[in-house]
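S.K.: Each chain, letter by letter, is given below.
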Amino acid sequence: MIRLIQSVAARRELLGILVVRTLKIRYKDSALGFLWTMLGPIFLILIYGLFLRLMRFPLSLTVLVTGIFVWQYLAMCMGDAAHAVIGNANLVKRASFPRLLLPLAMTLANLVNFLLSLVVVAGVLVVKHTHPGPLWLLPVAVLAQFVLCLGLGCLLSALNVFFRDVQHVTGVVTMAWFFLTPVLYDVIEMAGSSSLAALMPFYFLNPMAGILALYRAALLGQALPNTAWLAESLIMAGAIGWFGITVFQRLQARFADEL
Amino acid sequence: MDNDIAIDVEGVSKRFRLRHRGTPSLKSLVLDLFKGRSPAQELWALRDLTFAVRKGRTLGIIGANGAGKSTLLALLAGTMTPTTGRIETQGTVSSLLELGAGFHPDLTGRENVYLAGAIMGLSREQMRRRFDDILAFADIGRFIDEPVKHYSSGMYVRLGFAVAVEVNPDILLVDEVLAVGDVAFQKKCLRRMAEFREQRKTMLIISHDLHTIQSISDEILFLDHGLIKGMGAPQTVIDQYESFSLGQAGTGLRREWGTGEVLLKGAAFANDAGLATTRFAWGDAINIRLDYEVRQAVGPCVFGYAVSDEQGRLVCGSNTQIEGAVVPALAGKGTVDLRLSQLTLATGTYLFSFSVHSADHSANYHRLDHAYAVAVQAPRRFEGCCYLPSEWRFEAGRES
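Respectively, the protein sequence lines represent chains D and W.
Residue numbers 1 to 259, in our numbering, belong to the letters of the first sequence in order.
Residue numbers 1 to 400, in our numbering, belong to the letters of the second sequence in order.
FYI, nobody ran anything at the bench for these hints, they're computed from the structure.
Just to be clear, a hint being listed does not mean it is correct.
As the list claims (entries may be wrong) - Below, a sample of chain W positions facing chain D; criterion: calculated Cβ distance under 8 Å:
#1 114
#2 115
#3 310
As the list claims (entries may be wrong) - Restricting the straight-line Cα-Cα distance to at most 30 Å, the calculated cross-link-like pairs of lysine-lysine (DSS-like) are:
#4 D:24 - W:55
#5 W:229 - D:93
#6 D:93 - W:265
Ideal Cβ placement from N, Cα and C applies to all residues, glycine included.
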C-alpha cells in the first residue's frame with residue numbers, strides 16, 4: 001500500500017491534469033458550468049421539501065439540504081465510476097501509468113464539486129440562522145467520505161471493465177442505499193424511538209449513516225450518535241476503501257487486454 | 001542487466017482470453033458456470049520470446065497481420081502485462097502506438113499536449129520548455145488552441161507525432177506511423193527518426209513498408225504467429241520474410257480445375273542469368289517454363305497466363321492465340337517456354353495463373369489459378385500497379 005501511494009505521489013502532476021480535465025470536460029461549452037451540477041440537488045431539495053411539507057413530515061430544511069448535498073457526492077462517484085476506466089480506454093491501452101489515478105481523479109474531481117456545493121449549504125445555514133457545531137468534525141467527515149467514495153469508485157470501475165452489467169446494477173443499488181441512509185429523515189429521532197433502537201448497531205454498518213451524522217453535527221450542531229456506532233461507520237468506510245483499492249490493483253494488470 | 005542493453009526480453013508469452021461474443025456480462029458468466037463450460041478460449045499472441053536490443057540500436061519488427069507485433073510493443077510500453085516471462089527496459093519509454101490516441105476530443109491541442117506529457121511522466125515545466133518545438137514540428141498554427149475534434153486527421157497525427165518525439169524519450173516505440181500522413185510529413189518523420197538514431201537512442205519500429213524498415217533498422221525481428229522466425233541483419237531477415245510470405249501468398253485464392261486431357265505439371269521461374277527465382281526487379285525479364293503432359297489426344301490447344309495482384313484482381317494476361325504463336329500438335333510430355341521481356345510492375349506480390357484450353361474455348365483442359373506467387377521490387381514511383389512508358393512534352397512561347 002505504501003509503494004502504491006508513492007507511485008501515485010510520483011505522478012501527482014498527471015493526477016492534477018486528469019482532475020482538471022474531468023472538470024473542464026464537464027463544464028465545457030456551458031455558460032452556467034458549475035451551476036448545472038448544483039441544479040440536480042437543488043431540484044431534489046425542492047421536490048422532497050415540498051413533498052415532505054405536504055406529508056407533514058417533521059424534517060427541517062437544513063437537515064434535508066445537508067443530507068442531499070452530502071449524498072450527491074457519493075451518488076456522483078457511483079455514477080461516474082463505471083466510466084472511470086473504460087471511458088479512458090485510449091489512455092489505458094496507450095500509456096503506462098498507475099491505473100489507480102483514473103478512479104482517484106474521478107473521486108477528486110467530484111470532491112472539488114462537492115466542496116464548492118458546500119458554499120450553497122453554508123448560504124442556506126446563514127439564511128436559516130443555524131448555529132454550527134464543532135467544525136473540526138467537517139474535515140473528518142469529508143475524509144471518511146472520500147475514502148469510501150474512492151473505494152467504491154475503484155471497485156466499480158474495475159469490475160465494469162470485465163462485466164458491463166455493473167453500471168446498471170449500480171443505479172439500483174444507489175437508489176436502495178439512498179433510502180437506507182438518513183438523508184430524508186433524522187437518525188437521531190429514529191434512535192430515540194424504542195422499536196428501532198435495537199436495530200441501530202446494524203444500521204450504522206452503513207458507513208453513510210455515521211458520515212452523515214458527522215456532517216450534521218459539524219454543520220447543524222446536532223448531537224453525535226453513540227461513539228460505538230460512529231466508529232462502526234468509519235471502520236466500514238475505511239474497510240470499503242481498502243477493499244476497493246485492493247480489488248482494483250489485483251485487476252488492473254488485465255485492463256489493457258480487455259478494453 | 002548489462003548496462004549496454006536497453007531492452008531485455010526473456011521468455012515472454014502473452015495469452016489473451018477470447019470470449020465468444022462481445023463484452024462478457026454477469027449473465028453469460030453465470031450461464032457458463034452452470035453449464036460447466038470454460039468461459040474463454042485462449043489465444044497465445046506471443047510465445048516464449050527472448051531477445052535483447054542494445055542501446056542506440058534500431059530494431060525493425062516485421063510479420064503478417066496478427067503475428068503479435070503490436071502486442072509486443074504494448075508489452076514493452078507497459079500497457080499490457082506479460083502472462084509469463086520478464087521484460088526490462090532502461091530509460092524512459094515513449095510510444096507512438098496510435099498517434100494522438102490519448103487525446104481527448106473536447107480539449108484543445110495545447111491541453112492535450114500537456115496531458116500527453118504528463119502521461120509520459122514529464123513535468124509541466126519540462127513540457128513548457130518543449131512546447132515551441134512541438135508546435136513547430138506539428139505545424140498546426142493557431143489550431144493549437146482549438147479542441148482537437150475540429151482537427152483534420154493530418155493535423156491530429158502531426159501533433160501526436162510531435163508530442164511523442166519531442167518528449168525525447170530514451171526508447172521510442174513506433175507502430176506503423178509511416179502509413180499515415182502525406183509524403184512531406186512522412187519525410188519529416190523519417191528525418192526525425194534519423195536524428196534519433198544519431199543521438200544513440202533506441203527505437204523499435206513496426207512497419208509493413210519493407211523498404212523503409214530495411215533502410216532505418218540495424219536489426220530486424222521477424223514474427224510469425226507469436227514466434228520469432230528470424231532475427232538479424234536487415235537484408236537477411238527481409239529476404240527470409242519475403243520468401244516466407246511468398247509461400248503464403250494467394251493460398252486462399254489458389255484453385256486448380258479442368259477436364260484433364262492435358263495437364264500442366266508445373267511452372268519454373270528463372271531470370272535471364274538462368275537462375276531459378278521467384279523474386280524479380282523492375283525491368284527484369286521473367287522466363288517461365290511450363291511442363292505439360294497430354295493424357296488424351298486433343299485438337300489445337302491454347303496456352304495462356306494471367307498476372308493478378310495479391311487480392312486476385314487481374315493485372316494483365318495473354319495467350320498463344322492472342323499473340324499469334326503457333327502451338328504444334330501435342331503428344332506425350334513436353335515444355336512450353338514463356339518470356340516476359342520487361343517487368344513494369346510496381347513493388348508487390350503478384351500471383352501467376354496458367355491455363356491450357358482448346359482453341360475454340362469450349363474445353364478447359366487444365367487451369368492453375370493464382371498458383372504461383374512472384375515478388376517484384378520496383379524503385380520507380382508511379383500510381384497503380386502497372387507502369388506504361390510515359391513521355392511529357394511542352395511547347396512554350398506560342399502566342400494566342
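S.K.: The hint names residue 115 (chain W) as touching chain D; please verify it with the least Cβ-Cβ distance against 8 Å.
M.R.: Where the cut-off is 8 Å and the nearest Cβ of chain D is about 5 Å from residue 115 (chain W), the hint holds.
S.K.: Against chain D, with CB atoms and a cut of 8 Å, does the hint on residue 114 (chain W) hold up?
M.R.: Status holds, d = 6 Å.
S.K.: For the restraint on residue 310 (chain W), tell me whether the closest CB of chain D is nearer than 8 Å.
M.R.: The hint is violated - residue 310 (chain W) has no Cβ within 8 Å of chain D, the shortest such distance being about 30 Å.
S.K.: Measure nothing beyond the straight line between the CA atoms of residue 24 (chain D) and residue 55 (chain W); if it is 30 Å or shorter, mark the hint as holding.
M.R.: With a Cα-Cα distance of about 41 Å, the restraint between residue 24 (chain D) and residue 55 (chain W) is violated, given a limit of 30 Å.
S.K.: For a C-alpha distance cap of 30 Å, please report whether residue 229 (chain W) and residue 93 (chain D) respect it.
M.R.: Holds - the C-alpha atoms of residue 93 (chain D) and residue 229 (chain W) are around 27 Å apart, at most 30 Å.
S.K.: If you draw a straight line from the CA of residue 93 (chain D) to the CA of residue 265 (chain W), is it 30 Å or shorter?
M.R.: violated (52 Å)
Hints 3, 4, 6 from the earlier list are contradicted by this structure; the remaining hints agree with it.
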